[in-house]
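*Asks:* Turn these sequences into a full structure, and let the hints steer you where they fit.
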Amino acid sequence: MNFYDELSFSYLEYKINNSYTSRLMKYGNNPQGLFWKNSFTQLHRFELILSALNKHNNLKQFTICDIGCGYGKLLEFLKKKLNKSTFQYQGCDLNSTLIEYCTKNYSNENFKFYKQSSPKGIVDFSVMSGTYNLSVTKDMKMWEKYILKNLNNIWKQTNKVMAFNLLHHNEKKIQNGLYYTDKNWIKDICEQNFGKTEIIFSSILPEDILIIVKN
Numbered sequence: 002m003n004f005y006d007e008l009s010f011s012y013l014e015y016k017i018n019n020s021y022t023s024r025l026m027k028y029g030n031n032p033q034g035l036f037w038k039n040s041f042t043q044l045h046r047f048e049l050i051l052s053a054l055n056k057h058n059n060l061k062q063f064t065i066c067d068i069g070c071g072y073g074k075l076l077e078f079l080k081k082k083l084n085k086s087t088f089q090y091q092g093c094d095l096n097s098t099l100i101e102y103c104t105k106n107y108s109n110e111n112f113k114f115y116k117q118s119s120p121k122g123i124v125d126f127s128v129m130s131g132t133y134n135l136s137v138t139k140d141m142k143m144w145e146k147y148i149l150k151n152l153n154n155i156w157k158q159t160n161k162v163m164a165f166n167l168l169h170h171n172e173k174k175i176q177n178g179l180y181y182t183d184k185n186w187i188k189d190i191c192e193q194n195f196g197k198t199e200i201i202f203s204s205i206l207p208e209d210i211l212i213i214v215k216n
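Using the numbering used here, the letters of the sequence shown map in sequence onto residues 2 to 216.
Rather than coming from a laboratory, the hints here were simulated on the basis of the structure.
Every residue, glycine too, gets a C-beta built ideally from N, C-alpha and C.
Incorrect hints may appear among the rest.
Claimed, not checked - Pair by pair, the computed Cβ-Cβ distance ranges are: (1) 8 x 202: 34 to 44 angstroms; (2) 172 x 149: 11 to 21 angstroms; (3) 41 x 200: 16 to 26 angstroms; (4) 12 x 158: 23 to 33 angstroms; (5) 5 x 87: 20 to 30 angstroms; (6) 194 x 7: 15 to 25 angstroms; (7) 176 x 108: 34 to 44 angstroms; (8) 205 x 7: 34 to 44 angstroms; (9) 201 x 175: 15 to 25 angstroms; (10) 97 x 8: 18 to 28 angstroms; (11) 105 x 186: 39 to 49 angstroms; (12) 158 x 200: 31 to 41 angstroms.
Unchecked claim - Lysine to any residue pairs mimicking SDA-like chemistry, simulated, CA-CA at most 20 angstroms apart: (13) 139 x 20; (14) 161 x 20; (15) 61 x 82; (16) 161 x 88; (17) 161 x 51; (18) 197 x 216; (19) 82 x 41; (20) 161 x 63; (21) 174 x 211; (22) 81 x 95; (23) 16 x 146; (24) 56 x 174.
*Replies:* As structure tokens, then:
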């Protein structure tokens, strides 16, 4: 990675952090505060991720990293759905306000939170729900470089499955501040750089795809 890319990525993360801080001040810790449409779509994405992980793995005992953890909604979801499982969770986010909130409300010996963009140590599963949908630049090539840089770092720390969702369209684009990928492009990129990749669709969220990359 060259110096220009490093500088650009730092600027993008600065803008991401500021965008979420401003949004949280306006709406608080709820789906709107994280640029989500509503709690229904947020929870449906979680359902799809959990179903995909459960399909390929035994979810009785595992470690998971939630990158872009926000205010801890995925952790709440996992605790309800997997109440008979033993799992270690780490939430990562660039926004210190969100990390402070989660640390105060959820942190214990099995649930940890970090201000960073990739797992701390090796985990079984890495999950990113909505993390890369909001683009803080109109430069699509730079945004895609930023996404792939993060995916590369995350993959190095992932033992079993990396799961993330993106908006998709027939042609890649950034529209109204949202990044839309091309499903074939992202599948090829993941298979070339990481591992066997599966694309999952949902009739409830037709603009969404869930990308599952397996070790």
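*Asks:* Each of the hints needs a verdict: does it hold here or not?
*Replies:* Outcome of the hint check:
no. : hint                          : result
1   : 8 x 202: 34 to 44 angstroms   : holds (37 angstroms)
2   : 172 x 149: 11 to 21 angstroms : holds (19 angstroms)
3   : 41 x 200: 16 to 26 angstroms  : holds (22 angstroms)
4   : 12 x 158: 23 to 33 angstroms  : holds (24 angstroms)
5   : 5 x 87: 20 to 30 angstroms    : violated (45 angstroms)
6   : 194 x 7: 15 to 25 angstroms   : holds (19 angstroms)
7   : 176 x 108: 34 to 44 angstroms : holds (38 angstroms)
8   : 205 x 7: 34 to 44 angstroms   : holds (39 angstroms)
9   : 201 x 175: 15 to 25 angstroms : holds (23 angstroms)
10  : 97 x 8: 18 to 28 angstroms    : holds (22 angstroms)
11  : 105 x 186: 39 to 49 angstroms : holds (40 angstroms)
12  : 158 x 200: 31 to 41 angstroms : violated (23 angstroms)
13  : 139 x 20                      : holds (15 angstroms)
14  : 161 x 20                      : violated (32 angstroms)
15  : 61 x 82                       : holds (12 angstroms)
16  : 161 x 88                      : holds (15 angstroms)
17  : 161 x 51                      : holds (14 angstroms)
18  : 197 x 216                     : holds (7 angstroms)
19  : 82 x 41                       : holds (16 angstroms)
20  : 161 x 63                      : holds (10 angstroms)
21  : 174 x 211                     : holds (18 angstroms)
22  : 81 x 95                       : violated (26 angstroms)
23  : 16 x 146                      : holds (16 angstroms)
24  : 56 x 174                      : violated (32 angstroms)
Hints 5, 12, 14, 22 and 24 from the earlier list are contradicted by this structure; the remaining hints agree with it.
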